[in-house]
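Undergrad: Line order of the protein sequences matches chains A and C. Mapping the first sequence onto my numbering, position 49 (from 1) lands on 49, and the numbers just tick up by one. Mapping the second sequence onto my numbering, position 226 (from 1) lands on 226, and the numbers just tick up by one.
Among the hints, erroneous ones may be present.
[As the list claims (entries may be wrong)] With a Cα cut of at most 20 Å, we get these calculated SDA-like pairs of lysine to any residue: (1) C/Lys76 / A/Ile197; (2) A/Lys220 / C/Pro90; (3) A/Lys115 / C/Phe15; (4) C/Lys296 / C/Ala267; (5) A/Lys220 / C/Gly134; (6) C/Lys106 / A/Glu209; (7) C/Lys76 / A/Ile83; (8) A/Lys73 / A/Ile83; (9) C/Lys106 / A/Ser206; (10) C/Lys280 / C/Val217; (11) A/Lys220 / A/Ile83; (12) C/Lys76 / A/Arg212; (13) C/Lys106 / C/Gly127.
Simulated from the structure, these hints should not be mistaken for laboratory data.
Each chain is listed here by its residues.
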Amino acid sequence: MTAKADGPVTAELEARAEKAESRRGLFLALPSYIYLLFLFALPLVIIGVYSFASRSRTGMPKLEAWNLDSITKLFTDDLVRSIFARSLIVAVLTTTFCLLVGYPFAYYIATRSEKMRNLLLVFVMIPFWTNFLVRTYAWRVLLGEDGLITELGRFLNLWDSMLFTLPAVYIGLIYGFLPFMVLPLYAAIERLDWSLIEAARDLYASGWEAFRKVTLPLTKQGIIAGSILVFIPSLGAYVTPDILGGAKTTLIGNYVVNQFLTARNWPLGSSVSMAIMVVMLIATIWYFRSGAKTL
Amino acid sequence: MTTPAVGIRGVTKRFGDVVAVDNIDLDITDGEFFSLLGPSGCGKTTTLRMIAGLEYPTEGSITIHGEEMGLRPPNKRPVNTVFQSYALFPHMTVAGNVAFGLQMQKISEDETNRRVGEAIDLVRLSGMENRRPGMLSGGQQQRVALARALVNRPEVLLLDEPLGALDLKLRQAMQLELKEIQREVGITFVYVTHDQEEALTMSDRIAVMNDGQLLQVAPSEEIYERPNTRFVAEFIGETNLITGTVSEPGVVKLEDGSLVRARTHSAAGTAVTLNLRPEKIDLHNTEETIPEHFNKLSGTISRRLYFGDSLFYEVNFGHTIVDAREENRPGRQRFEEGAPIVAAFHPDSAQALTE
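In isolation and in its complexed conformation, chain C is listed as follows (with noise of 0.2 Å):
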């Protein structure tokens, strides 16, 4: 195996008696975008604040293609931040922010102007090389900072929820363009969001972290497809999670008695919870348009709710309700609130997790 980017050995950080991280080990592997996704305090941002060299773990190794980062100040790190909120210095222009790694480093007048030049046409901010950042929109600010820290060509590029501060269709549109830009530049890319959206359209791998501990670490899809725990799976997406036991190989048993087949490798008699997602579930009048292989539940629909792209249904199976999404469609049948109707389902789409 290669050298890992970021090579993460059992690091754990302690702010007095708060473990923010707990011991983890992680590989970041050159080149890629790697996420890592969790709620607010879940150790993400320290994670990444450690990798800066802005704080250091408590106990652990961090090495950035194999070198030790040990105690090493941020500055001698070959690493840059993109920062929550920009942090852009307020008394400097564009060009003086971007300049500034440069001229830290002593670089030669000619090749900052140059290099300068290149970062603000990347983030396609030329023009504006001479304004300062309070002048600038969210979105001008954000390619600022991206420029800053990409001008020095960092071996790895940090980025702590840069796009936290932007409105939804702008922070889209720097989704894209962040994934473009990563891909132009080749640079391994870090990514701090609690956004799963982001984090699913955006990364190659994910990291789900929860309590200062890893839980997953998996490409996008699988992450989304194949959550391995309960938590993973409903802080991505919207999720069903239903109680049942493993009657038998393969078929799990709700708590009604019915039967479902589902993706398990558990012994018979182990408690699971079904993970099922919403657009997994198809509604059916009857059963006789189901296909055979299909797992079939019926229930009726307790209420409707108009999303404009999707429709989402509550189903009430009795022991439990389950929420059912359907693509509004031209075609597609609907269905009134207190209708029977038959819910199904393919059992690789219903993952039985036991954690």
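Chain A with its partners taken away, still in its complex shape (with noise of 0.2 Å):
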């Protein structure tokens, strides 16, 4: 302690009590500090380095002979681009997705019983109780020659296995992630005051009117939250479509390890993660600044 804690008190030991007041906070703080440095910010500046970095012929990066080939070569070379596209889509289609699934199922779960409203949170829970790695794998049974699913596809004549298509990495998207979306929505909801949507019905507003003007508006927080706590890990997605797509479903996560572990592209790599994480957050930034205007 600075001052002593007994005698009448000056602005100067105020002073001096706040300031360490405000130490004791960042010493609170400092492991985080510490280990966001080392951990994040310290590997992201390597690999903003390295995409700037040459190769020797054996494909060993070289911190000499800077250039800006595998920077071009993202917006010239054409894999990557239809690559980077088609992860796009898929990372915008299963936003939108688990938002519309996602939506009314918080919605279901938010005006239900307090009890009933624990229950329902703890199932939507239980799913990250086991590795992800795992749960991934259980739809390759499901989706594989003889699962389930497949069979009530060919029973109905629907569809055949899906396993290393499409529809098999974007089933196992929207599986993985719709529980980061239900989360955000239903705390937004929950948190809705019904007295506002009882005073538009009271304003001759039908139900679905006041649902358009107030609920949605009104919880305008939660979508853009849940939107963006999919659609971040959905565009870097790596084990889903490693594991249920196939060659032809390659997305731009895997493409990222293809180059550090198999191709030895280690420049080229680090240039597509850092397009990943400007595309990540322009997207953010836009869907922040729109949804704040037009919801």
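Could you fit the two chains together into a complex? Lean on the hints.
TA: As structure tokens, then:
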């Protein structure tokens, strides 16, 4: 302690006490700061630097002969461009679908009795108790040759085994990320002041109009949060497309891994990684802005 | 008799095992300021919500100007509500809030703009049209809520403790303003409150509720001057309840054997409670100054409280202690604690209650 605990307080002593208080706050945050610095910020800088690096004849990255080759390749290489486009579409559709399915479900949960609400929330979170990889492999069984879902599709004469196709990737992604959509939506809907809906109904709004004019705009924070939480991991997805998708459905995440582990093209892998981050950032900012205006 | 603005027939509302409203019948006259008054949980808000269509009765019929409401949703009823917490749409401006009901009714844009302007003028909020509710004071929010409901020209306006969240001064100012607006627009107001003073000041008629039942429906003055039960007497204003027995028509015998003349129609031998308001009691030094036909009871001052505009005395009569209130006016005699006094009251001021 800096000041004597007893005795009258002066402005100087008060300022000193406040400073000590904020120093204590920094001390509490220090472990996180160190962690983030070494395991997040530093690797990011390394990736950034490697984007401009060159390669030896054997594929080893060399921190010399700096160039823009791998950056240029992002815009000129047809393969990179088509994979990027496919990944964007997958991420947007996954997000849209999660929103369309997740909103009614979150609404349903939020309007149950408290006991029921907690039970349903536990159900939403139960999948997290099992490893994501294991769950994705389970889908491989369900969607595979003798899988339950395949058998059902054959029985209904609607689909055959979807494994190693784009639909399988969609199923896996939506399955994996739906809780990330439902939880923030639930939080937003649960917070809603229901007397506002009553007021809207009292002011001649039909149920649908009350939803569109009041419920939807007032839960937009949840929509934005949920969409971002689904969009970002969908765009960078690696495990799901790797296990459920095939060679023709490579997504950008798999492409990055390939560059680092198989093609030994670290500069290209790095620049693609950076590009993903830039796209995520732009999409997020755009979504926030337009969400604030239109919803 | 003309068709009532709101007709309630045999309406009961149960929430599970709880009976919120217990078989009530009520007619609210067109154009009147009608208050539902009672303690919290008495069923007054539930009754209001049933008129609005926000709850449906378990049993019974609610009509508005003779038309059965049945299970009609709130948006199909010719009533509007001012909610307790105002329930203003936080994402819309003042003008947006007020225009909402008209837009939902698909009223033309020109007429909507005109009527919104008028309504905002009526509640004296001109210049605030583009503010958000969050930037308004409590009193201003209250007026937006009122304008938002009135702009639709409902047949009946329902108000659910609209002044509850305001501080005393503002509440009193708003009471007058509400009353004035009601006179101006001539719409039937159904006003829910637990504040008896508010109900007395504003209402043409009051219905006192308790435990889901209507205890008394009468004009304000009658509710105060001639309550029909002990509950109503105690709930409205302050009062003294003195137990006794009717000894002969118009005369009640108190516990110490003294006889007082009172308003009663009960037969001799009936146990009654005398309802005697503190301000109806005059305190005197001796009997000589008291008019002949007044009741006289001797006692001593056991406590005196200074209230500013009045003085409160606790008078001990031996068998009971009674509160008396004297206005703080020049020339009024003050009594010290312990002083012997004679309390006087007119026979009409003491009312014998049997329930």
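Undergrad: For each hint, tell me whether it holds in the structure or not.
TA: Going down the list of hints, with the structure as the test:
For the suggested pair lysine 76 of chain C and isoleucine 197 of chain A, the alpha carbons sit about 15 Å apart, so the restraint of at most 20 Å is met. In summary, the hint linking lysine 220 of chain A to proline 90 of chain C is supported, as the alpha carbons are separated by about 13 Å, within the 20 Å threshold. For the hint pairing lysine 115 of chain A with phenylalanine 15 of chain C, the CA-to-CA distance comes to about 18 Å; that is within 20 Å, so the pair holds. For the given pair, lysine 296 of chain C sits about 23 Å from alanine 267 of chain C by alpha-carbon distance, which is inconsistent with the 20 Å threshold.
For the given pair, lysine 220 of chain A sits about 18 Å from glycine 134 of chain C by alpha-carbon distance, which is consistent with the 20 Å threshold. In summary, the hint linking lysine 106 of chain C to glutamate 209 of chain A is supported, as the alpha carbons are separated by about 12 Å, within the 20 Å threshold. Taken as a hint, the lysine 76 of chain C and isoleucine 83 of chain A pair is broken in the structure, with Cα atoms around 54 Å apart against an allowance of 20 Å. At roughly 13 Å between alpha-carbon atoms, lysine 73 of chain A and isoleucine 83 of chain A fall within 20 Å of each other, so this suggested pair holds.
Of the pairs offered as hints, the one joining lysine 106 of chain C and serine 206 of chain A holds, with about 12 Å between alpha carbons and a cut-off of 20 Å not exceeded. Restraint check: the Cα-Cα separation between lysine 280 of chain C and valine 217 of chain C comes to about 23 Å, which exceeds 20 Å; the hinted pair is violated. The hinted pair formed by lysine 220 of chain A and isoleucine 83 of chain A fails the criterion: a straight-line CA distance of about 31 Å is larger than 20 Å. Taking the CA atoms of lysine 76 of chain C and arginine 212 of chain A, the gap is near 18 Å; set against the 20 Å cutoff, the hint holds.
A C-alpha spacing of about 25 Å is found between lysine 106 of chain C and glycine 127 of chain C, which places the hinted pair above 20 Å, so the restraint is violated.
Checked against the numbered hints above, the structure violates hints 4, 7, 10, 11, 13; every other hint is satisfied.
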